[in-house]
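Engineer: Sequence:
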Amino acid sequence: MSSDESSIIKQLNELEMKILAHIYHYGPDTPWLLARRLLGAAGWRPIVPEDEVEQAVQHLVQLGLLQEFRGSLKGRVTSSVKPWLKVKQRNPERRGRGIYYDLTKIGRKVASEVWKNYVRPNLRNGVNPKGKPYTKGQRGLA
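In the working numbering, the protein residues as written are 1 to 142.
Quick caveat, the hints were computed from the structure, so don't treat them as lab data. A couple of the hints might just be wrong.
[Claimed, not checked] Pairs of lysine to aspartate or glutamate residues, derived as DMTMM-like cross-links and limited to a Cα-Cα distance of at most 20 Å, are as follows:
{"hint": "1", "residue 1": "Lys-109", "residue 2": "Glu-14"}
{"hint": "2", "residue 1": "Lys-105", "residue 2": "Glu-68"}
{"hint": "3", "residue 1": "Lys-10", "residue 2": "Glu-68"}
{"hint": "4", "residue 1": "Lys-116", "residue 2": "Glu-5"}
All chains should be modelled from the sequences, with the hints used to inform the complete structure.
Structural biologist: See the structure below:
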């Protein structure tokens, strides 16, 4: 890891690191979906307040780590929970709710380090994205 990447990571809070790791692992997403499905969580109730996610995304855009997603979503996975079910192919012009954000080149490098060193080890240790240990029945769902 270069010194540039480590200095950027030091500027990030926990939510921003989770957002980078989520987009790195699952692909482009909107703040509305990030609030509900951060790192594979399921449900319609936000696990993180939407305004906090929106502020974190804007901070990541200012740092140059995220950009608005440019391009077609046709044939691309748009669900972080069940990616094999949610592929937008019928109407490629339909963008869905909100603006999709994707990683920039430097954002991909930083997100890779965050995923490898901060997020993935916690998932393997049995901690779900909300920071609580998995119960016996939940472990295979994430």
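Engineer: Could you grab the alpha-carbon distance between Lys-10 and Glu-68 and see if it respects the 20 Å cut-off?
Structural biologist: 24 Å, violated
Engineer: For the pair we were handed, Lys-109 and Glu-14, check the Cα-Cα distance against 20 Å.
Structural biologist: Holds: Lys-109 and Glu-14 sit about 17 Å apart, inside 20 Å.
Engineer: Compare the distance between the alpha carbons of Lys-105 and Glu-68 with 20 Å, and conclude whether the hinted pair is satisfied.
Structural biologist: 13 Å, holds
Engineer: Quick one, are Lys-116 and Glu-5 close enough, alpha carbons at most 20 Å?
Structural biologist: Judged against 20 Å, a Cα distance of about 13 Å means the pair holds.
Of the numbered hints listed earlier, the single one contradicted by the structure is hint 3.
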